[in-house]
Amino acid sequence: QVQLQQSGPGLVKPSQTLSLTCAISGDSVSSTSTTWNWIRQSPSRGLEWLGRTYYRSKWYNDYAVSVKSRITINPDTSKNQFSLQLNSVTPEDTAVYYCARDQEAFSINDAFDIWGQGTMVTVSS
Amino acid sequence: DIQMTQSPSSLSASVGDRVTITCRASQSISSYVNWYQQKPGKAPKFLIYAASSLQSGVPSRFSGSGSGTDFTLTISSLQPEDFATYYCQQSYSTPRTFGQGTKLEIK
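Those sequence lines, one after another, are chains L and V.
Quick note on numbering: the numbering used here labels position 28 of the first sequence as 28, and the sequence is numbered without any gaps.
Quick note on numbering: the numbering used here labels position 46 of the second sequence as 171, and the sequence is numbered without any gaps.
Keep in mind that a hint or two might mislead.
Simulated crosslink set (DMTMM-like; lysine to aspartate or glutamate; CA at most 20 Å straight-line) [said to hold, decoys possible]: (1) V:Lys170 x L:Glu104; (2) L:Lys68 x V:Asp142; (3) V:Lys164 x L:Asp76; (4) L:Lys58 x L:Asp76; (5) V:Lys167 x L:Asp113; (6) V:Lys167 x L:Glu104; (7) V:Lys170 x L:Asp76; (8) L:Lys13 x L:Asp62; (9) V:Lys167 x V:Glu230; (10) L:Lys13 x L:Asp93; (11) V:Lys167 x V:Asp207; (12) V:Lys170 x L:Asp27; (13) V:Lys170 x L:Asp113; (14) V:Lys232 x V:Glu206; (15) V:Lys164 x V:Glu230; (16) V:Lys164 x L:Glu92; (17) L:Lys68 x L:Asp93; (18) V:Lys164 x V:Asp207; (19) L:Lys13 x L:Asp76; (20) L:Lys68 x L:Glu92; (21) V:Lys228 x L:Glu48; (22) V:Lys228 x V:Asp142.
Going by beta-carbon spacing under 10 Å, a handful of chain V positions derived as facing chain L [claimed, not checked]: (23) Ala138; (24) Lys167; (25) Phe171; (26) Tyr174; (27) Ser178; (28) Gln180; (29) Ser185.
Don't read these hints as lab results, they were simulated from the structure.
Being a predicted model, the structure only gives us computed values, none of them experimental.
All C-beta atoms in this analysis are idealised placements derived from N, C-alpha and C, irrespective of residue type, glycine included.
The task is simple: from the sequences and hints, build the whole structure.
Here you go:
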């Protein structure tokens with residue numbers, strides 16, 4: 001079955017870069033029917049979609065406007081994983097971060113069917 | 126961005142009760158709505174897609190309905206393991222957006 005395993009630090013200093021990785025098993029980051037997403041959750045913002053990467057003959061990315069100037073999501077086909085980098089973090093970026101697969105993307109069945117375990121990231125000096 | 130508004134924000138119910146949670150979209154989104162269940166300390170669990178299709182393995186006491194702007198999640202007979210927070214989410218457009226959640230508590 002498909003599983004997503006997240007890794008990365010739980011504490012990041014203000015102004016630095018938050019970096020997380022999501023390793024995929026049972027599927028391929030290069031799949032042409034899915035997208036690979038990062039979502040965060042905090043008491044103040046609820047569940048907030050941050051962005052995605054996906055392959056459709058070439059690689060595409062979409063990002064939320066709220067983080068667009070600071071975010072990069074990259075696929076790594078050699079390791080079958082994808083990563084999140086969020087630059088210039090502030091305490092407002094403190095949240096649980098999830099990676100998630102979007103099944104049958106761009107169809108009526110489009111949904112986040114598989115989630116990583118979550119990583120609590122605290123931004124503090 | 127499409128806003129998803131759930132009601133109520135919290136709900137107290139007893140085992141065996143039938144409960145309904147409502148989700149309203151800020152514009153028409155056809156049937157592009159999904160529902161998730163989340164328990165404390167866990168990732169959301171995918172329950173329903175395309176407004177009314179049950180994900181494989183999800184108990185049949187869960188059902189979804191609606192189209193356009195108004196959607197509902199119904200649990201026909203609450204079980205102890207159903208006490209959790211439920212979220213709707215639209216997949217009609219980017220950015221994907223979620224409702225604020227409905228916390229289902231034991232009465």
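Against the structure, the hints:
A distance of roughly 17 Å separates the Cα atoms of Lys170 of chain V and Glu104 of chain L; the hinted pair therefore holds under the 20 Å criterion. The hinted pair formed by Lys68 of chain L and Asp142 of chain V fails the criterion: a straight-line CA distance of about 44 Å is larger than 20 Å. The suggested pairing of Lys164 of chain V with Asp76 of chain L is violated, with an alpha-carbon distance near 31 Å, which exceeds 20 Å. Distance restraint check for Lys58 of chain L and Asp76 of chain L: the Cα-Cα separation of roughly 14 Å lies within the 20 Å cut-off, and the hinted pair is therefore satisfied.
Distance hint between Lys167 of chain V and Asp113 of chain L is fulfilled; the C-alpha atoms sit about 14 Å from each other, no more than 20 Å. The straight-line distance between the Cα atoms of Lys167 of chain V and Glu104 of chain L is roughly 24 Å, outside the 20 Å bound, and the hint therefore fails. At most 20 Å may separate the alpha-carbon atoms for a hinted pair to count; Lys170 of chain V and Asp76 of chain L exceed this at roughly 26 Å. Restraint check for Lys13 of chain L and Asp62 of chain L: the C-alpha separation of about 26 Å exceeds 20 Å, so the hint is violated.
Between Lys167 of chain V and Glu230 of chain V the CA atoms are separated by roughly 17 Å; this keeps the pair inside 20 Å, and the hint holds. A distance of roughly 11 Å separates the Cα atoms of Lys13 of chain L and Asp93 of chain L; the hinted pair therefore holds under the 20 Å criterion. Restraint check for Lys167 of chain V and Asp207 of chain V: the C-alpha separation of about 14 Å stays at or below 20 Å, so the hint holds. Restraint check for Lys170 of chain V and Asp27 of chain L: the C-alpha separation of about 19 Å stays at or below 20 Å, so the hint holds.
With a CA separation close to 8 Å, the supplied pair Lys170 of chain V and Asp113 of chain L stays within the 20 Å bound. Taking the CA atoms of Lys232 of chain V and Glu206 of chain V, the gap is near 14 Å; set against the 20 Å cutoff, the hint holds. With a CA separation close to 11 Å, the supplied pair Lys164 of chain V and Glu230 of chain V stays within the 20 Å bound. Among the hinted pairs, Lys164 of chain V with Glu92 of chain L is inconsistent with the structure: their alpha-carbon atoms are about 23 Å apart, more than 20 Å.
At roughly 14 Å between alpha-carbon atoms, Lys68 of chain L and Asp93 of chain L fall within 20 Å of each other, so this suggested pair holds. A distance of roughly 9 Å separates the Cα atoms of Lys164 of chain V and Asp207 of chain V; the hinted pair therefore holds under the 20 Å criterion. Taking the CA atoms of Lys13 of chain L and Asp76 of chain L, the gap is about 26 Å. The hint is violated against a cut of 20 Å. Annotation: proposed proximity of Lys68 of chain L to Glu92 of chain L holds, straight-line Cα distance about 15 Å (limit 20 Å).
Proximity of Lys228 of chain V to Glu48 of chain L is assessed by CA-CA distance (about 18 Å); at most 20 Å being required, the pair is judged to hold. Straight-line distance between C-alpha atoms of Lys228 of chain V and Asp142 of chain V comes to about 15 Å, which keeps the hinted pair within the 20 Å bound. Checking Ala138 of chain V against chain L by beta carbon gives a least distance of about 22 Å; that is not within 10 Å, so the hint is violated. For Lys167 of chain V, the interface hint holds, the least distance from its beta-carbon to any beta-carbon of chain L being 8 Å, beneath 10 Å.
Interface restraint check for Phe171 of chain V: the shortest CB-CB distance to chain L comes to about 5 Å, inside 10 Å, so the restraint holds. Given hint, Tyr174 of chain V at the interface with chain L, holds; its Cβ is 4 Å from that chain's nearest Cβ, closer than 10 Å. Hint on Ser178 of chain V holds. Least Cβ distance to chain L is approximately 7 Å, under the 10 Å limit. The beta carbon of Gln180 of chain V is positioned within 10 Å of a beta carbon in chain L (closest approach about 7 Å), and the interface hint is therefore held.
Taking 10 Å as the C-beta cut-off, the interface hint given for Ser185 of chain V is violated, the closest approach to chain L being about 19 Å.
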